[in-house]
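A.B. asks: Sequence:
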Amino acid sequence: MNNLVRLIRFDVLSDVAEYAYASTAPSGTRFVFLAGACPLESDGSTAAVGDYAGQAAKCVETMQEALRAAGATMEDVMSTRVLVASSRQTDLVAAWEVVRDAFGSHDVPSTLLGVTVLGYDDQLVEIEAVAAVRGDDGPPR
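Number 41 in our numbering belongs to position 41 of the sequence shown; there are no gaps in the numbering.
Be aware that one or more of the hints could be misleading.
Across the chosen pairs, the derived CB separations fall in these ranges [said to hold, decoys possible]:
no. : residue 1 : residue 2 : range
1   : R88       : A17       : 19 to 25 Å
2   : V49       : F10       : 36 to 42 Å
3   : R134      : G44       : 29 to 35 Å
4   : V117      : T24       : 32 to 38 Å
5   : D51       : E18       : 18 to 24 Å
6   : E61       : N3        : 24 to 30 Å
7   : V12       : D43       : 47 to 53 Å
8   : L40       : L13       : 32 to 38 Å
9   : V93       : L40       : 19 to 25 Å
Note that these hints are calculated values from the structure, not bench results. Beta carbons: idealized from backbone N, C-alpha and C, even for Gly.
With the hints as extra help, turn the sequences into a complete structure.
C.D. replies: This is the structure we're talking about:
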């Protein structure tokens, strides 16, 4: 378990939310800002066309690879923003459940947004994340 990221919960706020309400990291921490993880296959095609949960799962895989390349893990993530190209709450929830489950007990503060369109053909889901790791220079480039 990452001892840099401290998840903060508030007793006065609803416990219905499936995530902590805030997070902090100590002074000297190196922050990793990930580009939006997209549901792309290695050939550039969009994975799981028409499937919100399937695309969320591919985005999680992509995010995990980006974190690994930056010397981080899922437990180093301080916050996420999950973008879902839909105006239907059920579609947002389908994507969210995959992301939430991928983090397990590390219930990172998150924002779930319905948007009109995302950047790639047939793209329905994208995940942005910020992580905190020890304050060194990070992995080799």
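A.B. asks: Run every hint past the structure and note whether it holds.
C.D. replies: Hint check:
no.	hint	verdict
1	R88 - A17: 19 to 25 Å	holds (20 Å)
2	V49 - F10: 36 to 42 Å	holds (40 Å)
3	R134 - G44: 29 to 35 Å	holds (34 Å)
4	V117 - T24: 32 to 38 Å	holds (34 Å)
5	D51 - E18: 18 to 24 Å	holds (21 Å)
6	E61 - N3: 24 to 30 Å	holds (26 Å)
7	V12 - D43: 47 to 53 Å	holds (49 Å)
8	L40 - L13: 32 to 38 Å	holds (36 Å)
9	V93 - L40: 19 to 25 Å	holds (23 Å)
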